[in-house]
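Throw the hints in and build the complete structure from the sequences for me.
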Amino acid sequence: MDTTVKNSSLVVDDVLCINLRGHSISCTACMDACAFNALTLSEDSINLDERSCTSCGACVPSCPGGVFSLSNFYPRSFMEAIGGAIEAHIHCGASAANEGDVEIPCHQLLDARLVAAAHAAGSETIHLHGLGHCTRCDKGSAVAHISSVKTRLSQWFGEAAASRLLVADHKEMAHPHNEPTLNRRGFLRLAGQGVVASTCSLLIAAEHEDTSPANQGFNQVDVERQQPAVYQSLLAERAQELPWVAGMLPWYRRTISNDCNACLACGQRCPTGALRATQSAASRGIDFALALCTDCGLCDRLCPMEAIARQPITDAAEVMARRSTLMSRPQAMCRQCGSIFVVRSPDEELCHFCTNEQKIRQGWLSMVRPQMPTSSAGSQ
Numbered sequence: 001m002d003t004t005v006k007n008s009s010l011v012v013d014d015v016l017c018i019n020l021r022g023h024s025i026s027c028t029a030c031m032d033a034c035a036f037n038a039l040t041l042s043e044d045s046i047n048l049d050e051r052s053c054t055s056c057g058a059c060v061p062s063c064p065g066g067v068f069s070l071s072n073f074y075p076r077s078f079m080e081a082i083g084g085a086i087e088a089h090i091h092c093g094a095s096a097a098n099e100g101d102v103e104i105p106c107h108q109l110l111d112a113r114l115v116a117a118a119h120a121a122g123s124e125t126i127h128l129h130g131l132g133h134c135t136r137c138d139k140g141s142a143v144a145h146i147s148s149v150k151t152r153l154s155q156w157f158g159e160a161a162a163s164r165l166l167v168a169d170h171k172e173m174a175h176p177h178n179e180p181t182l183n184r185r186g187f188l189r190l191a192g193q194g195v196v197a198s199t200c201s202l203l204i205a206a207e208h209e210d211t212s213p214a215n216q217g218f219n220q221v222d223v224e225r226q227q228p229a230v231y232q233s234l235l236a237e238r239a240q241e242l243p244w245v246a247g248m249l250p251w252y253r254r255t256i257s258n259d260c261n262a263c264l265a266c267g268q269r270c271p272t273g274a275l276r277a278t279q280s281a282a283s284r285g286i287d288f289a290l291a292l293c294t295d296c297g298l299c300d301r302l303c304p305m306e307a308i309a310r311q312p313i314t315d316a317a318e319v320m321a322r323r324s325t326l327m328s329r330p331q332a333m334c335r336q337c338g339s340i341f342v343v344r345s346p347d348e349e350l351c352h353f354c355t356n357e358q359k360i361r362q363g364w365l366s367m368v369r370p371q372m373p374t375s376s377a378g379s380q
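Those letters in the sequence shown? Residues 1 to 380, per the numbering used here, in order.
Simulated from the structure, these hints should not be mistaken for lab results.
Backbone N, C-alpha and C fix where the C-beta goes; we use that ideal spot for every residue, glycine too.
Hints may contain errors.
Okay, the calculated beta carbon distance ranges per label pair [said to hold, decoys possible]:
(1) ILE86 to VAL15: 21 to 31 Å
(2) ASP295 to GLU50: 41 to 51 Å
(3) GLU99 to ASP300: 46 to 56 Å
(4) GLY84 to MET248: 20 to 30 Å
(5) THR325 to ALA246: 25 to 35 Å
(6) MET248 to VAL15: 25 to 35 Å
(7) ILE25 to MET248: 23 to 33 Å
(8) ASP300 to MET31: 19 to 29 Å
(9) MET305 to HIS127: 42 to 52 Å
(10) GLN155 to ILE25: 26 to 36 Å
(11) GLY247 to GLY122: 43 to 53 Å
Below is the structure:
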């Protein structure tokens with residue numbers, strides 16, 4: 001029996017927005033993707049006009065922080081529904097799916113990462129059906145979006161491979177319908193799988209978790225909630241199985257120079273957990289998991305010392321490497337005020353604030369201390 005999901009709604013998790021975390025409008029990807037101007041951004045909030053939103057999902061793959069999701073579409077469940085079929089047929093909600101085909105609310109939910117992950121899982125050709133209905137679809141047209149997906153696939157794998165991989169059908173369907181139907185062999189499993197899909201999206205983060213005592217010290221770091229971007233995770237898990245064009249892997253490693261002042265802002269605010277702040281009684285640092293990085297650039301904008309550098313990778317094996325330590329600084333407890341501070345020399349016992357206070361106090365004392373009289377040569 002087929003399952004129909006009506007009134008699909010957009011879920012907005014604004015705490016993951018890089019604009020809110022950076023307190024500046026540095027990313028407008030979701031606004032740019034929305035054809036109905038349903039999203040407006042500020043430094044403090046993401047405003048959704050529910051009357052204008054069509055739940056097309058165009059904003060979902062566009063956001064580098066993973067802010068958006070649809071209540072009836074889970075990328076991991078999409079991968080399960082395709083099941084590595086050599087010839088996969090994907091229908092939008094406006095086209096009639098056949099038994100064994102997979103149906104999604106709108107083709108704007110697809111991006112190059114999801115298509116590439118399906119290819120790595122065994123799909124040699126993915127046919128998209130229903131694009132002929134786009135010009136009169138209430139959700140808007142996916143034609144331009146799919147064209148950009150094909151362009152990105154061509155950059156990654158070459159034009160010939162991309163043409164074989166993604167085939168778009170622009171023919172008008174004989175019996176279009178507007179409600180997204182999830183067929184038995186395709187998306188029946190999507191209903192009620194929200195919790196399961198969310199849990200699965202965190203598995204890749206667990207691969208890079210370090211629970212050693214050194215990173216579980218008495219002074220825990222105040223970190224904003226971090227959550228892997230599921231589109232990026234799905235691609236990363238299969239990166240080594242794909243025929244990348246040399247130099248076109250969509251990941252960039254990060255390095256931190258000695259100019260870093262160990263403020264930990266980059267690791268505290270990274271939305272996906274690619275950068276993570278660590279702290280123990282003896283040290284504080286930043287570690288990095290390349291697989292989780294969406295290259296949003298927030299860390300570069302946050303760094304007050306301009307100490308973070310971005311470098312391309314050439315080997316897909318690097319993507320799933322374990323977390324690496326980018327920065328580690330020794331720290332201690334201030335003898336005077338009890339605060340934790342970064343130690344710059346082995347003999348430091350006071351934090352920088354108390355050291356400055358001590359210097360100011362000594363300066364004032366030298367000014368007000370009475371001068372000792374000197375004895376004259378002829379005094380008795």
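* Ascending list of hint numbers which this structure does not respect -> 1, 2 and 11
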